[in-house]
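J.: In order, the protein sequence lines correspond to chains H and E. When we follow my numbering, the leftmost residue of the first sequence carries the number 1, and every step to the right adds one. When we follow my numbering, the leftmost residue of the second sequence carries the number 1, and every step to the right adds one.
For the record, the hints were derived by calculation from the structure and aren't laboratory data. These figures come from a predicted structure and were not determined experimentally. Each residue gets a CB set at the ideal place from its N, CA and C atoms; glycine is no exception. Check each hint, because a few of them may be wrong.
Pulled a few chain E residues facing chain H out of the computed Cβ check, cut under 10 angstroms [unchecked claim]:
1. Glu23
2. Glu57
3. Glu69
4. Pro74
5. Glu82
6. Ala86
7. Ala128
8. Met202
9. Pro206
10. Gly244
11. Gly246
12. Ala250
13. Glu264
14. Lys269
15. Gly376
16. Ser379
As a plain string of letters, each chain reads:
2 protein chains.
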Amino acid sequence: MRRVAVLGVGMTKFGLSTKSQVEMFAEAALEAIATSNLKPRDIQALYVGNVLGDFEEGQMNIAPFCAAELGLPPEVPATRVEGACASASVAIREAFLAVAGGFYDVVLVGGTERAMAMGTPLATRTFAMGTDGRYEEFTGITFPGVFALLTRLYAREYNIPLPKLKEQMALVAVKNHRHGVQNPLAQFRKEITVETVLNSVMIADPLQLFDCCPFSDGAAAVVLATEELARKLVPKPVYILGIGQGSAGALFRQKGLPRIKARETAAKKAYAMAGLTPQDVHVCELHDCFTIAEIIASEGLGLCEFGRGGEAVEKGETTYGGRVVINPSGGLKAKGHPIGATGAAQVYEIAKQLRGEAGSRQVEGARIGLTDTLGGDGSTVVVTLYGIE
Amino acid sequence: MRRVAVLGVGMTKFGLSTKSQVEMFAEAALEAIATSNLKPRDIQALYVGNVLGDFEEGQMNIAPFCAAELGLPPEVPATRVEGACASASVAIREAFLAVAGGFYDVVLVGGTERAMAMGTPLATRTFAMGTDGRYEEFTGITFPGVFALLTRLYAREYNIPLPKLKEQMALVAVKNHRHGVQNPLAQFRKEITVETVLNSVMIADPLQLFDCCPFSDGAAAVVLATEELARKLVPKPVYILGIGQGSAGALFRQKGLPRIKARETAAKKAYAMAGLTPQDVHVCELHDCFTIAEIIASEGLGLCEFGRGGEAVEKGETTYGGRVVINPSGGLKAKGHPIGATGAAQVYEIAKQLRGEAGSRQVEGARIGLTDTLGGDGSTVVVTLYGIE
Chain H
1 MRRVAVLGVG MTKFGLSTKS QVEMFAEAAL EAIATSNLKP RDIQALYVGN VLGDFEEGQM
61 NIAPFCAAEL GLPPEVPATR VEGACASASV AIREAFLAVA GGFYDVVLVG GTERAMAMGT
121 PLATRTFAMG TDGRYEEFTG ITFPGVFALL TRLYAREYNI PLPKLKEQMA LVAVKNHRHG
181 VQNPLAQFRK EITVETVLNS VMIADPLQLF DCCPFSDGAA AVVLATEELA RKLVPKPVYI
241 LGIGQGSAGA LFRQKGLPRI KARETAAKKA YAMAGLTPQD VHVCELHDCF TIAEIIASEG
301 LGLCEFGRGG EAVEKGETTY GGRVVINPSG GLKAKGHPIG ATGAAQVYEI AKQLRGEAGS
361 RQVEGARIGL TDTLGGDGST VVVTLYGIE
Chain E
1 MRRVAVLGVG MTKFGLSTKS QVEMFAEAAL EAIATSNLKP RDIQALYVGN VLGDFEEGQM
61 NIAPFCAAEL GLPPEVPATR VEGACASASV AIREAFLAVA GGFYDVVLVG GTERAMAMGT
121 PLATRTFAMG TDGRYEEFTG ITFPGVFALL TRLYAREYNI PLPKLKEQMA LVAVKNHRHG
181 VQNPLAQFRK EITVETVLNS VMIADPLQLF DCCPFSDGAA AVVLATEELA RKLVPKPVYI
241 LGIGQGSAGA LFRQKGLPRI KARETAAKKA YAMAGLTPQD VHVCELHDCF TIAEIIASEG
301 LGLCEFGRGG EAVEKGETTY GGRVVINPSG GLKAKGHPIG ATGAAQVYEI AKQLRGEAGS
361 RQVEGARIGL TDTLGGDGST VVVTLYGIE
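Excised from the complex, chain H in its bound form:
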């Protein structure tokens, strides 16, 4: 298995866009290609994560249209993958396999989504198709509902009074909004307080508006290549040290909730492959689609003890100066969450951090980074470890 490096990365501003998904992808991709010191003609294969292009703008099979927009020739296979909100990370894993397996030397991969432009009612309804159609979706459950249930399960499992847990969750939002202020590409760049969260409108009890990430439009892209090429082309290649993907069915099939088995198995695989432990991670972009989701993820990734993820936030352990900086980009909460693009945007941040190019949001001395992307109600999780020499 060959070593795989991240060369250039690219990302649009997240928020509301009037561009099509193909156009947004091309914007991010051209940045990723240019910062790899490559030209589009150097790309040998393309993977695109996209979730609901058909509902969002009547576009399926988006990958070859992205390829055509970049002027790539017919020889370049262009493949769309979909794993709900983990789509781009699933795409990155396929691209990783293609380079590591010796099939291609330079692969472009990323994701694109127009989730904000379609509007909240349709986005909420279509996102819910990421749950199991036979056992869950028809009950009317949507993702705020799923994570509201997980919040109550979490409070009961770890015997934390709900008001206490809600305050810890609010601190997640406060932290990620504070981080997002430093990110010029973030959808929200405004500090909030615990009161902002706790006084905001109720969405799915006990989740309030500021417990939830926004709907977003955006795209992000990454160039993966062999170590040999990376050393030639860029001054600071970042390497994929470990990667794992886990799966699960409907919630009723998942044992041990609120813990997410698909994440824990993916993380175990990634750590084992990298020969690393959670203690080695300096900076992490994880899937904070809701504030409780960050707490659950930080524990499932081994960055905090089970039942103590909220406490870690309270103590400042997951921000600058703490043990590990979680979501320096602002996370899904403040940076935004264009679902099919999110996994690639996480890599964008980790690559910038490991290269020391993150400007005012730089995590000092970051050499090992982790991304965690969750699709559906725990049905697809990809965990990846990145390092720099």
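Got chain H; can you put chain E on it based on the hints?
T.: Coordinates of chain E only, in the frame set by chain H:
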């Protein structure tokens, strides 16, 4: 690169189904696993092709739900890929890379779709999202329209009078319906005549009803594994000798229509990898979504000279007793076309043929088989060569 074998294959009857896509997939998958002399617990990774599960039954991210239905554990990555009507073949290519690259020894791959149950108006409209959303779809073009245009371009390019070409196209339908009679899993098992086609209702001039494949529900699955395992587990392993995937954008970007560049580049790759030429192919399952599509494909794959695909059908060169038997299964035309499953159903047929297990539709002495699957209006094509020792 390790050699990759096809072990067991499975397929539902194509036609109208009241089963969900996950249930259909599980039916096909369990057959593929059982005929591989394996158990579900032996599966190490899963790839599922599916196109419009969200529109068809409100199900996205279908792969982990298929995995859960089969009882696969969280360690098994389950990935959905979508390449319009070529989805299952794109999935098979990803599965091939995963085994060939040394990442997994046993991978389950296939596709599932409920295109008939959703009804013709919505199916026609949603399928059209496989064209370019910015340049084509808004004009009102649907796939019968695309292939009607290609028919006229073809007639002009090769200077064949349209009535003559239409008769040749009708003969494609007659042949594939005749083949389908022998296939117990085919949607249509009824012989037709040239008159049936030419007297049928006009769909998109010059394409008539019997020039068009049906909407279908169905699933198909295949187990891919290493050569070593194949030799242990099954008496007659079939090997993937070559595989190629090509891409293209909107029709206006495609030079040289009615020839399909994405196909020609995919075929070139597959033949080169296999060290074979079109003359070596004994049996072929190709993408006859419309009768003209079979003619164009047979030429693009090198099985007939350009401009003479229709003549080859007239002369019986593409049926039993001819140079190469095209679509012994009945093809998309008679067997049916559950779009996300089609590529895997093609492999089902080729594997049966190469193993000499195709019963009354057996192509005598078939040792080299080819599958060709087209997605969108030429935007994604996968060509694969199979052989038996």
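J.: Compare the structure with each hint and give your call.
T.: Evaluation of the provided hints:
{"no.": "1", "hint": "Glu23", "result": "8 angstroms, holds"}
{"no.": "2", "hint": "Glu57", "result": "6 angstroms, holds"}
{"no.": "3", "hint": "Glu69", "result": "7 angstroms, holds"}
{"no.": "4", "hint": "Pro74", "result": "4 angstroms, holds"}
{"no.": "5", "hint": "Glu82", "result": "5 angstroms, holds"}
{"no.": "6", "hint": "Ala86", "result": "8 angstroms, holds"}
{"no.": "7", "hint": "Ala128", "result": "8 angstroms, holds"}
{"no.": "8", "hint": "Met202", "result": "26 angstroms, violated"}
{"no.": "9", "hint": "Pro206", "result": "26 angstroms, violated"}
{"no.": "10", "hint": "Gly244", "result": "8 angstroms, holds"}
{"no.": "11", "hint": "Gly246", "result": "5 angstroms, holds"}
{"no.": "12", "hint": "Ala250", "result": "7 angstroms, holds"}
{"no.": "13", "hint": "Glu264", "result": "8 angstroms, holds"}
{"no.": "14", "hint": "Lys269", "result": "7 angstroms, holds"}
{"no.": "15", "hint": "Gly376", "result": "5 angstroms, holds"}
{"no.": "16", "hint": "Ser379", "result": "4 angstroms, holds"}
When each numbered hint is compared with the structure, violations occur for hints 8, 9.
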